[in-house]
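Those protein sequences? They're chains A and B, same order as listed.
Numbered according to this note's numbering, the first sequence spans residues 1 to 496.
Numbered according to this note's numbering, the second sequence spans residues 1 to 422.
Keep in mind that the hints were calculated from the coordinates and are not lab data.
Some clues are possibly wrong.
As a list, the in silico DMTMM-like pairs of lysine to aspartate or glutamate whose alpha-carbon atoms are at most 25 Å apart [as the list claims (entries may be wrong)]:
{"hint": "1", "chain 1": "B", "residue 1": "K363", "chain 2": "A", "residue 2": "E340"}
{"hint": "2", "chain 1": "B", "residue 1": "K180", "chain 2": "B", "residue 2": "D221"}
{"hint": "3", "chain 1": "A", "residue 1": "K63", "chain 2": "B", "residue 2": "D287"}
{"hint": "4", "chain 1": "A", "residue 1": "K71", "chain 2": "B", "residue 2": "E334"}
{"hint": "5", "chain 1": "B", "residue 1": "K363", "chain 2": "B", "residue 2": "D378"}
A few chain B residues that face chain A, going by a derived Cβ cut-off under 7 Å, partial list only [claimed, not checked]:
{"hint": "6", "residue": "L274"}
{"hint": "7", "residue": "Q276"}
{"hint": "8", "residue": "M304"}
{"hint": "9", "residue": "L305"}
{"hint": "10", "residue": "M310"}
{"hint": "11", "residue": "A387"}
{"hint": "12", "residue": "N389"}
{"hint": "13", "residue": "L409"}
{"hint": "14", "residue": "Y413"}
{"hint": "15", "residue": "W415"}
Just so you know, even glycine gets a beta-carbon here, dropped at the ideal spot from N, CA and C.
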Amino acid sequence: MKEFEKLNSMLDRRQFLTRTSLGLGAMAIGTLLGKSLFGNDIGSASRIVTPAATASMEEDILKAIPHFAPKAKRIVYLFMSGGPSQFETFDYKPGLAGMRGQGLPDSVRKGQRLTGMSANQSILPVAPAFCKFHRHGNTGTWVSELLPYTAKVVDELCIVKSLYSEAINHDPAITFLQTGNQQPGRPSIGSWVSYGLGSDNNNLPTFIVLVSKNAQKDQPLYARLWGNGFLPSKYQGVQFRAGKDPVLYLNNPEGYDGMDRKEMLGYLSKLNQLQNEPYGDPEVEARIAQYEMAYRMQTSVPEVMSMANEPNEIFDLYGPDSRDPGTYAANCILARKLLEKDVKFVQLYHQGWDQHSGLPSGITTQCKATDQATAGLITDLKRRGLLEDTLVVWGGEFGRTVYSQGKLTPTDYGRDHHPRCFTMWMAGAGVKAGFSYGETDDFSYNIVKDPVHVHDFQATLLYLMGIDHERLTYKFQGRRFRLTDVEGRVVKNILS
Amino acid sequence: MPLLDILTFLGHLHPLIVHLPIGFLLLAALLHLLSHHHRYAHLVRAVPFILLLGFISAVFSCLFGLLLARGGDYDADQLEKHKLAGIALAVFSGVLYLLARKIPARLFTFLLLAMAVLVSYSGHLGGGLTHGADYLSMSTLNQGGTKVPVNPDSALVYEDVVHAILEKKCAQCHQGSKQKGNLSVQTLQTLLKGGKHGSAVTAGKLNESELYKRVTLDPSDEKFMPSDGKPPLTKQELAIISWWIEKAGAAPGVKMSVFRNVSPVLQEDTSGPLTQHINPEIPQTMDPRLVDGLRKKGWMIRVMLQRPAMLDVTLPAGSGKKTSQVKDELSGLEKNIIWLNLADNGFRDEDLIFLRQLSNLEKLRLEKNPLTDSISKDLAGLKHLEAVNLNETRLTSAGLTMLEKNPSLKRIYTWKTCVKKP
Chain A
1 MKEFEKLNSM LDRRQFLTRT SLGLGAMAIG TLLGKSLFGN DIGSASRIVT
51 PAATASMEED ILKAIPHFAP KAKRIVYLFM SGGPSQFETF DYKPGLAGMR
101 GQGLPDSVRK GQRLTGMSAN QSILPVAPAF CKFHRHGNTG TWVSELLPYT
151 AKVVDELCIV KSLYSEAINH DPAITFLQTG NQQPGRPSIG SWVSYGLGSD
201 NNNLPTFIVL VSKNAQKDQP LYARLWGNGF LPSKYQGVQF RAGKDPVLYL
251 NNPEGYDGMD RKEMLGYLSK LNQLQNEPYG DPEVEARIAQ YEMAYRMQTS
301 VPEVMSMANE PNEIFDLYGP DSRDPGTYAA NCILARKLLE KDVKFVQLYH
351 QGWDQHSGLP SGITTQCKAT DQATAGLITD LKRRGLLEDT LVVWGGEFGR
401 TVYSQGKLTP TDYGRDHHPR CFTMWMAGAG VKAGFSYGET DDFSYNIVKD
451 PVHVHDFQAT LLYLMGIDHE RLTYKFQGRR FRLTDVEGRV VKNILS
Chain B
1 MPLLDILTFL GHLHPLIVHL PIGFLLLAAL LHLLSHHHRY AHLVRAVPFI
51 LLLGFISAVF SCLFGLLLAR GGDYDADQLE KHKLAGIALA VFSGVLYLLA
101 RKIPARLFTF LLLAMAVLVS YSGHLGGGLT HGADYLSMST LNQGGTKVPV
151 NPDSALVYED VVHAILEKKC AQCHQGSKQK GNLSVQTLQT LLKGGKHGSA
201 VTAGKLNESE LYKRVTLDPS DEKFMPSDGK PPLTKQELAI ISWWIEKAGA
251 APGVKMSVFR NVSPVLQEDT SGPLTQHINP EIPQTMDPRL VDGLRKKGWM
301 IRVMLQRPAM LDVTLPAGSG KKTSQVKDEL SGLEKNIIWL NLADNGFRDE
351 DLIFLRQLSN LEKLRLEKNP LTDSISKDLA GLKHLEAVNL NETRLTSAGL
401 TMLEKNPSLK RIYTWKTCVK KP
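Just chain A, same shape as in the assembly:
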């Protein structure tokens, strides 16, 4: 309502008459000519346009935040896109070795749906993991030999083996995990967080996205996964690219002086103000603010992207890839630097975990590309004291099937999508360290203990940031939306 009143005060009588006289004349003519000319009744054609949400309602909702004392100040979310197999990483199922090649019992499958890719297989042969598992850390947690570095920091991790999703294909499943809905159009977690909590750094975006360049692009990623949906556009994630232009169109054109840019932006801002005065459109204000942010980013982004001050020891910690900007490992260093600057939500995407066939070699490559840097990030954050108030999240959009998709050979197999259980882990602020939660059955097919729905996970994430997932809502097209729709329950038992 505030905006409406502001607009009202801007439209005094004189202005109203000046602006609308022409329009009124046109309407009068329209009415005189009647339906015959315009094909419809002008009088009733004007629709009442209600704003998406009243500003005061939004203010009330935001004013009540935080609902809880937050445990985490920042989140770094390492998204393993494609659906990493739980069998070759964290969910150790030794009993499968003896069942190699046997069909998946119906008592386990219970007639549940499969994807079209394996539904017509004559047999669903059980495929034990090709790799070995060992116990690690003080907690003696089983970790696959493919993740030797992660195994060393396992005492920092809170491993949840009982996540489950509703979607069985990549796009709906990623969209579900990132926005709380399988259909596109809703804001992503990072957008909700920056909308609810605002920024702790005036020179960098609140929500930054980094996509690995050294991953097999088996499944596409879309900007809408870090989009703002119906939230105001300034809450969208900003993608930093590898290479010369981390943020597109941020650099000055060749031969264009920084002072010129400043002067130009000054005039542009005045022009925008001029436009804003009569209309009071919040989007114009957002635009002005974004130009100013972009100007500040011209200094802050090159500064944060520069690796010149990182000692060799850092590159050794994150692994050899980390010297090559744009790789997952380099992005992990960059993520740490952004978190040091109090960027609230940093999301890394690493594609290529979709091993329908050739899983042994595929997942080995994936682990190699990510394992050392992930563990390096944990170690680095921990010793810098940043794990105190930073939450690290690792995981994909769903798990994989116990049976082999396609032919099971002594050395090779693949696994299909499996939404009924998968493993994720969190570390740092507010979650128990060295802890495992949830259990799956002997086939890692169904959850037998402590299931965690995607909405539960999202509710927990918001809780750690101080937000009650039921109370952070936004009214759009006549109804209030939230990240967890009408579900979600904070997973109390993993909280420290």
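Chain A is fixed; fit chain B onto it per the hints.
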């Protein structure tokens, strides 16, 4: 049956139209009184007509009232009085209408005033029947005397909670002058005595407790209570009542703390399933102007919680602020600062003595300042401090040993210091 339904319906109209004679008759008296003043003398002509209206509406009120009295379980004594007063009033107003301008003006005035008194009396009786006899009485004025328990745990299950629930949800129809089904919820004795269907509450036996059975029926059931779409009992209220009947033997004097310990219901409702342990010494409020002031002076302030008022305060690295400035600017918010970040600002040990006053501090970041072992003295007395970051300072193992004497400190970060790794 339809005829009976119509009669019942008309009966229910009694509380509505009864306000017409009250209004008309009082208006007639008022106009007559006013007409004694010469400015309003002309009003006198309206009085008989208004009396007539009052009379007609009073007759209808009586008829509807009789219909209503058929069905309701009202206190017989009170009802009788109200009935008589109402009929008397109708007759009286009719007679007055006929006598208007035929008797001396003074006598007429006196009779009108007497009628006004009768209106008030019968109206009050009627109100007492609907809302309970003590709805409007002197005791209403003295209600401050109701004893409020000191804290939720010392409250008594029946006396402070169950009774209050019944008062709120049932007393309108089951107490005082209106005791439908002969049940009164006024005291424990009347509950045990019960009503038409026997005892309302049977110790230890839920399925023999008519009260509990009625409030837990399907809401569409004709016997469901509270009837007529009045607000039903909530889940929590039901849980308390059922526990009191079944486990506490429907006895008086049981403490709520006993119930709390056995049932999660109350916790769910009052504090939510997520309980956070928050230091009770943190002040509930703070001066928001101080926070705005700090922001203007370049600090990054994050409100961690509004009640109690918890702040996460960051001084941007290399701010160039002097100690005295920092101390002054933070003054007034010392108890509200829970997380503090002063990293990389060139502070020395002697600059940070003011930290001792931040008694509620939980997380402190001091990395990249030229601090030495003496900083541990300033942190020794902070009894809520959980984590301190002294990376890249000149701390040595000796300083670390001193720090570790603070029992609340769980995590001390000493990367790139002279502290030897264990």
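Verification of the hints:
1. B:K363 with A:E340: holds (16 Å)
2. B:K180 with B:D221: holds (18 Å)
3. A:K63 with B:D287: holds (16 Å)
4. A:K71 with B:E334: holds (21 Å)
5. B:K363 with B:D378: holds (14 Å)
6. L274: Holds - the Cβ of B:L274 comes within 7 Å of chain A, reaching about 6 Å at its closest.
7. Q276: Nearest chain A Cβ about 6 Å off; hint holds.
8. M304: Result: holds, 5 Å to nearest chain A Cβ.
9. L305: holds (5 Å)
10. M310: Hint on B:M310: holds, closest Cβ of chain A at ~6 Å, below 7 Å.
11. A387: holds (5 Å)
12. N389: At about 4 Å, which falls below the 7 Å cut-off, the nearest Cβ of chain A leaves the hint on B:N389 intact, so it holds.
13. L409: violated (13 Å)
14. Y413: With a closest approach of 4 Å, the B:Y413 hint holds.
15. W415: holds (4 Å)
Of the numbered hints listed earlier, the single one contradicted by the structure is hint 13.
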